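Participant: Sequence:
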Amino acid sequence: QVQLVESGGGLVQAGGSLRLSCAASERTFSGYIMKWFRQAPGEEREFVATIMWVGARAYYADSVKGRFTISGDSAKNTVYLQMNSLKPEDTAVYYCAIGLPGNPPAYWGQGTQVTVSS
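So in the working numbering, spot 93 of the sequence shown is number 93, and the numbers just go up one at a time.
Read the hints as simulated data drawn from the structure, not as lab findings. Owing to the predicted nature of the structure, the values given are computational and were not obtained by experimental measurement. Please note that the accuracy of each hint is not assured.
[Unchecked claim] Derived CB-CB ranges, DEER-like: (1) Gly15 to Ala40: 16 to 24 Å; (2) Ser30 to Gly8: 22 to 30 Å; (3) Gly15 to Pro101: 32 to 40 Å; (4) Arg27 to Glu89: 34 to 42 Å; (5) Ser25 to Asp62: 29 to 37 Å; (6) Gln113 to Ala61: 15 to 23 Å; (7) Glu46 to Pro101: 13 to 21 Å; (8) Gly42 to Ser118: 15 to 23 Å.
Cβ coordinates follow ideal geometry from the N, Cα and C atoms, glycine included.
Could you build all of it, start to finish, from the sequences and the hints given here?
Facilitator: Encoded structure:
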């Protein structure tokens, strides 16, 4: 069973930056996809960004495109989410997840809170 541990959340003013990290407990299969989701209070969980270890292809939700960057370090079994130009509407609990392409994520982290003040 793979365990995922997020870190890096916190309180930041609008326009600021944060970098989230997600460390896997063991080396994950190179064909896995790493994803970030977020869930704001009273809202559905939504997709934020995704990356494959192989080829490092990345895709983003329109709401974060140009502001967030997902990256991975396979040697450290860690995926990152660099968040710049943060807005109050980015406030949410952020979750990382991994899974095989075309399937729902198999493993989830516990989440890390990001709060952006106006």
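Participant: Hint by hint, note whether the structure agrees.
Facilitator: Going through the hints against the structure:
1. Gly15 to Ala40: 16 to 24 Å: 19 Å, holds
2. Ser30 to Gly8: 22 to 30 Å: For Gly8 against Ser30, whose Cβ atoms are near 24 Å apart, the range 22 to 30 Å holds.
3. Gly15 to Pro101: 32 to 40 Å: Holds: the Cβ-Cβ distance is about 35 Å, inside 32 to 40 Å.
4. Arg27 to Glu89: 34 to 42 Å: 36 Å, holds
5. Ser25 to Asp62: 29 to 37 Å: Roughly 32 Å apart at Cβ, these two residues keep to the hinted range, so it holds.
6. Gln113 to Ala61: 15 to 23 Å: 19 Å, holds
7. Glu46 to Pro101: 13 to 21 Å: 20 Å, holds
8. Gly42 to Ser118: 15 to 23 Å: Between Gly42 and Ser118, where Cβ atoms are some 18 Å apart, the hint holds.
Violated hints for the displayed structure: none, as all numbered hints are satisfied.
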